[in-house]
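Undergrad: For reference, the chains in residue letters:
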Amino acid sequence: MSTPAGQAGASGEDRAAQQPRPPSTGDQPAVLSPVLTRRWSAPRSWDIDTYRRLDGYTALPKALAVDPAQITELVKASGLRGRGGAGFPTGMKWSFLPPPDGKPRYLVVNADEGEPGTCKDIPFMMADPHLLIEGCLITCYAIGSSFCAIYVRGEAVQAIRRLTNAVEQARAAGLIGKNIQGSGFDCDIVVHAGAGAYICGEETALLDSLEGLRGQPRLKPPFPAVAGLYARPTVVNNVETIASVPDIVSGGSDWFRSMGTEKSPGPKIYSLSGHVERPGQYEAPMGTTLRQLLAAAGGMKDGIPLKFFTPGGSSTPIFTPEHLDVPLDFDNVAAAGSMLGTTALMIFNETVSVPWAVWKWLEFYKHESCGKCTPCREGTGWLTQILRRVVSGAGVPADLDVLADAAENIQGRSFCALGDAAATPILSSFKYFRSEFEDLISGRAAPVIDARELVGAH
Amino acid sequence: MTLANKPASGPDNAAEPEQPPVPEGHVRLTIDGIEVIAPKGELVIRAAERLGIAIPRFCDHPLLEPVGACRQCLVEVEMGGKPMPKPQASCTQTVADGMVVKTQLTSPVAEKAQRGNLEFLLLNHPLDCPVCDKGGECPLQNQTMADGSASSRLIDEKRLFEKPIAISTEILLDRERCVLCQRCTRFSDQIAGDKFIDLLERGSGQQIGIGVDAAGEVPFQSYFSGNTIQICPVGALTSADYRFRARPFDLVSSRSVCEHCAGGDAVRTDHRRGEIMRRLAWNDPEVNEEWISDKCRFAFTYVTTDRLTTPLVRRDGVLAPASWTDAVTAAAAGLEKARDARGVGVLAGGRLTASDAYAYAKFARVALRSNDIDFRARYGSDEELAFLAGYLPTLTGPNAVRYADLESAPTVVLVAFEPEEESPTVFLRLRKAVRKNGTAVHAVAPLRSRGLGKLSGTLVKALPGDEAGALDQLPELDETAIVLVGERAAQSPGLLTAVAELARRRGARLAWIPRRAGEVGSALAGAAPTLLPGGRLVADPAAREELEKHWGAPVPDRPGRNGEQIIDALVGGELSGVVVGGVDPGDLPDPAKALAALEAADFVVSLEQRLTAVTDRADVVLPIAAVPEKSGAFVDWEGRVRPFDAALGKTGAMEDGRVLDTIGVEMDVDLYTQSALAAQTELERVWRAIARPAQALPAGRHEGVLAKGAEAVRQLLDKLPGRHRGLTLASWRMLLDGGTLLIGEPHLAGTAKPDVVLLAAGAAAERGIEAGQQVSVTGPAGSLTLPAQILPDTEMLTDVVWLPGRVDGVSTSVRLGATVGAQVHVEPAAQQAQPGGPR
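Chains A and B are the protein sequences, given in the same order.
UniProt numbering puts the first residue of the first sequence at 1, with every later residue one more than the last.
UniProt numbering puts the first residue of the second sequence at 1, with every later residue one more than the last.
Check the hints yourself; a few may be wrong.
Stated by the list, open to error - For lysine-lysine, the following DSS-like pairs were computed, each having C-alpha atoms within a straight-line distance of at most 27 Å:
1) B:K40 to A:K220
2) A:K220 to B:K195
3) B:K158 to B:K134
4) B:K158 to A:K103
5) A:K431 to B:K134
6) A:K62 to A:K178
7) B:K86 to A:K431
8) B:K112 to B:K337
9) B:K86 to B:K112
10) B:K86 to B:K134
11) B:K753 to A:K220
12) B:K454 to A:K103
To be verified - Restraint-style ranges between C-beta atoms, simulated for each label pair:
13) B:K163 to A:K301: 45 to 55 Å
14) B:Q19 to A:G196: 22 to 32 Å
15) A:G196 to B:G738: 21 to 31 Å
16) A:M92 to B:D128: 28 to 38 Å
17) B:G438 to A:E211: 16 to 26 Å
18) B:G205 to A:G154: 17 to 27 Å
19) B:P108 to A:A398: 14 to 24 Å
20) B:D793 to A:R52: 49 to 59 Å
21) A:E211 to B:G205: 21 to 31 Å
22) A:P98 to B:A150: 48 to 58 Å
23) A:M92 to B:P130: 55 to 65 Å
24) A:G196 to B:A150: 34 to 44 Å
25) A:A398 to B:G209: 28 to 38 Å
Think of the hints as simulated: they come from the structure by calculation, not from any bench.
Glycine is no exception: its CB is placed at the ideal position from the N, C-alpha and C atoms.
Let the sequences and hints guide you as you build the complete structure.
TA: Right, dumping it as structure tokens:
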């Protein structure tokens with residue numbers, strides 16, 4: 001993983017003074033805009049002392065000095081949209097909470113990063129946990145909560161340790177607890193480890209899991225804003241979203257809007273993985289294209305041309321080289337037929353068999369389907385069974401129609417978006433690469449795997 | 001439901017003035033082109049049902065919370081002229097004003113979504129309909145036949161599971177048939193409150209399995225598990241009892257009423273060629289909704305087990321089969337002789353239909369010329385009869401408590417009443433009240449039972465026998481409160497008076513809930529020594545006079561002997577004979593004395609279904625019909641008359657009333673109870689004529705009515721060092737404890753709760769007793785050894801020990817020689833091993 005050099009120590013005022021900058025164009029390397037990632041290269045960047053030395057915990061006192069409603073208004077004005085994949089306007093989500101009734105309300109941070117290809121939140125929590133904590137504190141203050149739970153993916157043991165240590169450091173420094181910095185504001189933060197289920201990244205399944213129940217999505221409505229954790233009003237936000245809040249408080253909404261596009265402002269951490277020279281996290285203004293990001297990352301690995309990529313993880317419809325210049329923001333990606341998702345750019349070169357990649361993805365969804373609803377539970381199992389045959393050379397001509405029809409019967413019919421996500425690789429790969437499946441079935445192409453490799457597969 | 005005159009064709013219509021206004025709290029929507037007005041919050045699937053549009057579904061159940069898991073009920077929905085991007089599950093989508101719904105009937109999208117979903121459900125389903133119990137009544141089979149594809153597109157392997165797994169001795173699960181709709185798990189969680197099954201694993205490996213809690217294993221414990229079989233939309237859940245025994249299309253269904261408790265549950269009896277194959281809950285929203293207890297569902301094998309088919313007459317000391325003519329003549333002659341000697345008593349038992357109980361009541365007065373009759377085959381007091389005289393008229397008045405009232409009451413108080421064990425349908429309705437409306441349940445009891453825990457109830461600690469004193473600790477009640485008092489209150493002197501007084505003072509409503517199905521009806525029919533039909537007192541000359549007009553025969557004026565006094569009188573030679581109607585001496589307070597009384601009697605007539613300790617001592621035994629073989633009516637605890645017809649017709653078995661009528665004819669007395677219909681009609685006529693409108697319950701102060709003697713003894717014992725001190729015995733019958741009507745049902749018996757000794761932590765610690773350890777409880781007559789279960793001191797009085805009311809078929813108070821409220825000795829079993837003693 002390479003970390004882009006950041007302007008370590010640049011203060012909010014400095015940044016606010018920067019001129020608005022349109023996204024770079026052409027095949028020029030992306031102009032990086034390190035905000036969330038700007039401390040990553042500092043030695044011991046995760047330590048509270050480093051964080052403080054590099055402007056840390058300066059937004060919190062500013063926030064505590066104003067009315068909580070002003071912060072929500074500021075976040076609304078900044079145009080910040082949720083970084084967990086759906087892109088819902090963050091300030092609007094906060095304002096959905098009912099008026100305070102004196103009873104508890106909660107902030108839950110979704111750090112259950114599990115989308116294939118996505119690797120932004122875990123490195124972030126490793127490198128700069130205090131920025132997340134500061135974001136949690138400001139958000140809790142803004143929404144009138146005094147309890148925040150950070151639900152971290154169970155496999156990310158190091159991130160959990162580092163985040164837990166950071167919470168302890170902040171607690172020791174009087175930043176978490178009662179009457180924070182004499183403001184009268186109380187806030188506690190708990191780091192909770194999940195048990196390794198992709199579905200728990202779905203916000204209501206996450207809440208059930210947090211309550212100690214089986215991780216399965218809840219019926220909505222009621223939405224978490226009305227009845228979330230322990231049936232109390234709850235805001236659930238992604239790590240990157242919450243971590244963006246301190247800099248918005250410091251730099252203001254105009255500064256934030258100086259990056260990115262009108263409808264998708266701010267910087268974004270793009271996770272490049274796969275066949276690129278320097279895979280890693282690239283923080284650039286929203287609307288940067290893959291062509292620019294590839295240029296910044298040293299191009300395709302060994303110069304082998306690009307075949308397809310995901311704009312935002314395996315759950316988003318794949319793109320091909322014709323989409324290299326699609327600005328990667330919420331609206332432009334949607335207009336081009338995919339989703340920005342988690343900006344997990346999985347990059348595949350021409351050596352990769354599309355049916356093989358699709359099969360691997362489907363194995364993932366089958367493994368992670370929670371089992372609650374019929375289309376996802378039965379459909380992912382069936383699609384996987386068929387794909388195993390296809391890639392091992394035992395496909396039959398009817399398989400293609402069955403794959404497409406079954407995927408259509410899952411998409412939009414399942415209880416939550418996991419089913420939609422599972423159907424996506426099939427449907428989007430058929431759009432561009434159906435002939436590869438046909439060749440495997442007809443025998444024109446050699447099996448991608450030996451059937452014996454499937455023995456014991458589950 | 002309101003239907004508009006003409007179908008809506010678009011938003012243009014909405015503005016037209018001739019449309020009927022939408023009532024407050026309602027919305028107007030369109031389903032398949034038909035306009036419908038629906039209450040806000042109604043689910044689309046329900047609104048469609050009201051129009052006669054059946055949307056296929058598996059997980060949806062009107063009595064369970066929506067889950068939206070099976071996705072079979074997808075429909076297309078438009079809001080504000082804009083179609084929603086995805087088809088919506090109509091079982092979770094609520095109606096909204098201006099909504100346009102298109103079901104599979106009008107929407108190709110919904111139709112394809114449903115077909116696709118059905119294909120998914122069938123992928124791994126074994127399609128073993130020809131050998132599946134559900135075949136013929138299976139929603140999955142029906143929908144597949146109607147809308148499914150004729151062949152499967154699956155060419156890979158189906159999911160396989162070991163089959164079946166036993167969820168209990170009664171319930172079996174074939175996981176490969178399961179469509180994971182979660183009806184059963186939601187039932188166990190939401191309705192029963194027993195987490196006996198849950199989802200395990202995930203994805204295509206997800207399955208139903210046996211639930212465990214955070215502490216580890218939770219052994220199966222539920223009285224309601226059979227309901228999961230009935231609501232399973234496929235054949236995944238079956239009972240050991242019915243599995244592979246019949247096809248639904250070969251069964252005849254009869255509407256029946258459960259004979260096992262006073263709940264009045266509506267039941268469907270399915271029989272084939274005169275044999276009951278299974279029983280199901282019948283949907284009766286006012287009573288049992290769609291639920292029944294496992295006892296109600298599975299305990300019917302007694303009907304075919306060891307039945308007497310011919311009358312028996314004792315000749316030369318030996319009971320021998322006889323013709324009905326001979327037996328009835330012998331019975332009549334013997335009873336006449338005994339009546340004219342020192343008199344005949346009647347022990348009627350608590351399981352009679354109202355018409356049969358009326359026949360006993362009339363037989364005693366008219367044929368035997370006596371008021372010596374008691375329906376209570378249990379502890380009963382004269383205070384209880386006085387209480388009933390005041391209480392029974394309320395059952396027909398505006399203050400009668402109904403199931404629906406339980407659901408809406410803000411506060412319910414339980415006194416000497418353990419609903420889960422003693423009236424399971426009441427328990428389920430209380431649990432619904434607690435979950436839905438936040439009803440506060442307070443129990444006056446010695447300990448917080450598991451059932452009370454499932455009602456999120458509050459315990460008001462009361463020493464057995466001293467419950468009346470504890471009533472003061474209840475929160476302030478008002479007229480919205482309901483007090484439920486159980487039959488065990490009769491064991492606690494002064495309690496029924498105190499409860500009646502409490503209800504009167506606070507204006508709270510009161511209901512008396514006995515365990516047995518026949519008790520309310522028997523009390524109303526006058527099968528009691530001091531009560532006439534209609535709840536009027538024998539001592540009331542006006543009532544007697546009125547009754548004599550109807551009966552055309554004199555009604556004896558001397559109040560009769562109660563059950564205990566009848567037995568005493570037989571032993572003491574003050575009575576010559578006795579008629580026993582289906583009483584198990586083991587249920588009586590002193591079984592040995594009861595048997596001695598039967599032996600001492602000159603003449604005993606037993607009306608029974610099978611040979612028992614009573615028939616062994618009888619001079620004439622007359623076989624009578626079991627409940628499924630006769631018609632009649634139970635009166636449930638609400639006072640609701642629950643009539644039923646014979647499920648099994650033409651068995652030749654006669655109900656008690658007809659047998660008594662026949663004996664009466666031989667004694668030159670006309671009872672007019674030759675059929676249940678005749679008896680019931682006359683009872684109702686008599687009731688209307690002589691019953692008084694609801695009156696105030698007998699007033700009285702409850703202060704100072706504590707069992708003072710027991711209190712003094714306890715104070716004395718309290719001065720002894722802790723571990724030598726006796727503990728007060730608390731006990732009640734469990735729902736499943738080997739009663740007569742449970743015979744021949746080993747699968748059901750396997751789901752009974754394990755027998756344990758319950759002790760508070762403090763009492764256990766004093767005696768060095770640990771959880772699970774064998775503990776001996778000793779009374780004057782003997783001891784009982786069972787494993788200990790320890791409750792925290794906050795949930796149980798430390799000077800009480802609790803035992804099940806009946807262990808291995810023997811009444812606990814009989815075994816110990818100690819009644820509830822008496823002092824017993826408790827110690828670890830090792831110190832007092834009793835070779836050959838009970839367990």
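Undergrad: Please go over all the hints and tell whether each is borne out by the structure.
TA: Hints and how they fare:
no.	hint	in the structure
1	B:K40 to A:K220	holds, 17 Å
2	A:K220 to B:K195	holds, 24 Å
3	B:K158 to B:K134	holds, 20 Å
4	B:K158 to A:K103	violated, 50 Å
5	A:K431 to B:K134	violated, 43 Å
6	A:K62 to A:K178	holds, 18 Å
7	B:K86 to A:K431	holds, 21 Å
8	B:K112 to B:K337	violated, 82 Å
9	B:K86 to B:K112	holds, 13 Å
10	B:K86 to B:K134	violated, 33 Å
11	B:K753 to A:K220	violated, 39 Å
12	B:K454 to A:K103	holds, 26 Å
13	B:K163 to A:K301: 45 to 55 Å	holds, 52 Å
14	B:Q19 to A:G196: 22 to 32 Å	violated, 56 Å
15	A:G196 to B:G738: 21 to 31 Å	violated, 48 Å
16	A:M92 to B:D128: 28 to 38 Å	violated, 53 Å
17	B:G438 to A:E211: 16 to 26 Å	holds, 20 Å
18	B:G205 to A:G154: 17 to 27 Å	holds, 19 Å
19	B:P108 to A:A398: 14 to 24 Å	holds, 23 Å
20	B:D793 to A:R52: 49 to 59 Å	holds, 52 Å
21	A:E211 to B:G205: 21 to 31 Å	holds, 23 Å
22	A:P98 to B:A150: 48 to 58 Å	holds, 53 Å
23	A:M92 to B:P130: 55 to 65 Å	holds, 57 Å
24	A:G196 to B:A150: 34 to 44 Å	holds, 42 Å
25	A:A398 to B:G209: 28 to 38 Å	holds, 35 Å
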